[in-house]
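There are 2 protein chains.
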Amino acid sequence: IYNCMEGDFIYVCMYALREWVAIESDSSNVLKRPDLHRMMETTAQKLRLMGGTVELVDIGEQELPNGQTLALPKVVTATFGTDPNKHTVCVYGHVDVQPAKLEDGWATDPYNLTDINGNLYGRGASDNKAPVLAWIHAVEAYQALSMELPVNVKFVIEGMEETGSNGLDAMILAQRDTFFSDVDYIIISDCGWLSRRPALTYGTRGNCYFFAEVEGPKQDLHSGVYGGTVIEPMTDLIGILGDPSGKILIPGIREAVAPLSDEEWKMYQDIQFDMDSYKNKIGVTQLMYSNKVDLLAHMWRYPTVSVHGIEGAFSDSGSKTVIPAKVTAKFSIRQVPNMDPAMVKKQVTDYLHSVFAKRKSPNKLKVTMVIGAKPWLADTQHPLYEAGKAAVKRVFDMDPDLIREGGTIPIARTFQDVTGKSIIMMPIGGFDDGLHSQNEKMSRYNYIEGTKLFIAYLNEVSQIKKTSV
Amino acid sequence: IYNCMEGDFIYVCMYALREWVAIESDSSNVLKRPDLHRMMETTAQKLRLMGGTVELVDIGEQELPNGQTLALPKVVTATFGTDPNKHTVCVYGHVDVQPAKLEDGWATDPYNLTDINGNLYGRGASDNKAPVLAWIHAVEAYQALSMELPVNVKFVIEGMEETGSNGLDAMILAQRDTFFSDVDYIIISDCGWLSRRPALTYGTRGNCYFFAEVEGPKQDLHSGVYGGTVIEPMTDLIGILGDPSGKILIPGIREAVAPLSDEEWKMYQDIQFDMDSYKNKIGVTQLMYSNKVDLLAHMWRYPTVSVHGIEGAFSDSGSKTVIPAKVTAKFSIRQVPNMDPAMVKKQVTDYLHSVFAKRKSPNKLKVTMVIGAKPWLADTQHPLYEAGKAAVKRVFDMDPDLIREGGTIPIARTFQDVTGKSIIMMPIGGFDDGLHSQNEKMSRYNYIEGTKLFIAYLNEVSQIKKTSV
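Order-wise, the sequence lines are chains H and B.
Letter by letter, the first sequence follows residues 1 to 469 in full-length UniProt numbering.
Letter by letter, the second sequence follows residues 1 to 469 in full-length UniProt numbering.
In short, the hints are calculated from the structure, not lab data.
All figures in this text were calculated on a predicted structure; none of them were measured in a lab.
Please note that a few of the clues may not be correct.
Stated by the list, open to error - Derived contacts from chain B toward chain H, CB cut-off under 7 Å, selection only:
1) 218
2) 239
3) 282
4) 286
5) 313
6) 408
7) 410
To be verified - Example chain B residues on the side facing chain H (calculated, C-beta under 10 Å, incomplete):
8) 65
9) 182
10) 227
11) 229
12) 231
13) 243
14) 305
15) 315
16) 320
17) 445
Just so you know, even glycine gets a beta-carbon here, dropped at the ideal spot from N, CA and C.
From just these sequences and the hints, can you work out the full model?
Written as structure tokens, this is what we have:
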């Protein structure tokens, strides 16, 4: 069957990706919403022409900061095959993209897919248009050879992933007993390899995102006129955030983390990962840890705090002599097993209030947790992963690295919590694809071999015994 | 002569202020530059019609952040009288304003002067249009009564004060031996009283404004994907700024400050200043110091640090999971006698680098001082101040408070350094005028009595013996 991945078929794949990348489906830009709607319609039409049972599911509207409402892009669902004797897999993906402008530093027009030395440059090429298309091509490949699909294949494709999957949770919950009722496995290909070696992803970190607001005077004050008389909110805020060690000082956080087992240590040791190319990629001379196992562990299975910025203070260029009246620090703590967001919320809030109390400041501190996403972790011995290992072996003639994702893919938790089904993350993106950055790309190699991987995987999944779900 | 300040003449004063406030001479908004040019022309025309020798001095262009250039508003100079037997005073003022929009929280249109219970609300009413007009009215009053001016009066009126007096220093330097050659005294009325009691201002704090930039990765990173592996610039920056005490920890800063003398302590003790109304005005329950002398001393004659904000981090509303690659803290230290900006620059830079070095971070710290303005302090026993006390006594029948200004009025230093002449600051603005804030106002009382004060002051200055300059 892989032989079909040559000549005309490859041309069809390239043409499809070019067509999809050309649509500026930026979900964060309300002015591009018509393009986003067109992207969903294009996706639906593609699946309809392939003979799928396709629906464009209305998921309502979003409210904009100015109070106006805007229609959300519909979610595309599609079904290929309903044979009750076969397994049913459901592929999740998204076709919206991050913003991109040529003047941000792109070498080529981000919406004109450009092949340079086998790399296909364009916004959304790797995140997540080519992986979604590769799944579609996998189905097309069986159809092109007039072969029956070895498993029933469903698709759920959304258009709001880059801005938080607005409306998707509710849609999944609403269709739990209809569209999702016969789904056995969920497959997500919205991530990437760690090196040139293929990978399967078995975990993601969660995230607890906090706002710490310190409020003082009723309005911003001139720092010359008032400096020295008022207790400045900014001083309080930096005082409670400042920490000479760079470690998480909040009691209880580190204690909750699952200990690193010898087995896990050994697994990390075997993973292909080049520290130097990682350093080069991000442009630093030194990382937090100088050995691979520690670094990977802190990327995937230990919590970390990042302070993202401060709202309400002076953040423009130039100099302004202001005492900001109300300042809000934005920071987040990545969640790993066995941390519990509800507990973390309490720990962080209590800690900040206790540090703040020591300052005896008349200003008011308010701590709120605006996101509380749990981590996700799969069993790498599960038949779904064994099938994945077999498919990688068949296509690439090597074993995959079993890796985790430091970021959060909240939809994995939703699928797991709502449907109760097992999930596998099967990336085909390269480690250097530049997601969310300038010059995002997908290599021809990963796109085409990735399609072969998915073809093989459908076949491997069909051989999982029906009992093991 | 004060009797002229009634009936028609008051109407003329009100009309002039209404006309000036109606011009949106916002120097920070490049789109308002035509209005600003019109404001300078209106000012010049007013002075011309009064018979002054008026010039609109071209001070060149400013460069905008986008590389374009924009003509600066011309500086208006005017001369009334050239009698070599008289003293010559030079009044400095500005007719540009801070931004203001009705929707910022103004109760009335900020560019339509509105009289509510004797308060004249409008942007620029107090800062600095009414004080400039009050000086003009003082000259007009003598003219209206066909009285000879007791001193020669010059004006220097600029249109860029609110954005840093771009081009003015060079203009003063260029005209040192021409326009300024016969000036004996400089008068500035660009400040306010401390209470309902009239005041003379004899000092301002200087300001050293710093940028502390920490640079790490070559671009912003996703906090999920990279959090835990990179040493985050934001953590470093907050780490070196954070300080549990709220005091200035930088060695050498406090040591340089001139000690508070018993005499000064007593002077502060006698100043009319209501702590409760000060607290109410800024909306706080507690100030840095709970007694008047400490508070005034820390407002005027001790240094203070304010952290204004951080550039380069996430400062918008909402949540973004970013590790900012380069972050720049903006902070400033108010300067008082006997601090030296050059020394402060070295102290701050050395201190931050030493604290940063302890972190052993691979990130790069760069500290730059972008403003280094010295404090200004006058001798309150100087004949110029004695004349001021006499004028206040005559018009208000009380002694003025001798106060300082916590903010920086760099032009005072420039006048002093370039011309070598003595300077007096003679405010007529109220303590609650709301400069730079919503609902800025000037009371009719301060405007009219302020004009009388200036009339009286010109007379008092004329009696200073020619020898004492």
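To see whether the hints hold, each was checked on the structure:
1. 218: holds (3 Å)
2. 239: holds (6 Å)
3. 282: holds (4 Å)
4. 286: holds (4 Å)
5. 313: holds (3 Å)
6. 408: The hint holds - residue 408/B has a Cβ within 7 Å of chain H, the shortest such distance being about 5 Å.
7. 410: violated (11 Å)
8. 65: This interface hint holds because 7 Å falls under the 10 Å limit.
9. 182: violated (33 Å)
10. 227: holds (4 Å)
11. 229: Hint holds; residue 229/B Cβ to chain H Cβ min 5 Å, cut 10 Å.
12. 231: holds (6 Å)
13. 243: holds (6 Å)
14. 305: holds (8 Å)
15. 315: Given a least distance of 4 Å, the restraint on residue 315/B holds.
16. 320: Hint on residue 320/B: holds, closest Cβ of chain H at ~6 Å, below 10 Å.
17. 445: Check failed: Cβ of residue 445/B comes no nearer than 22 Å to chain H, outside 10 Å.
Checked against the numbered hints above, the structure violates hints 7, 9, 17; every other hint is satisfied.
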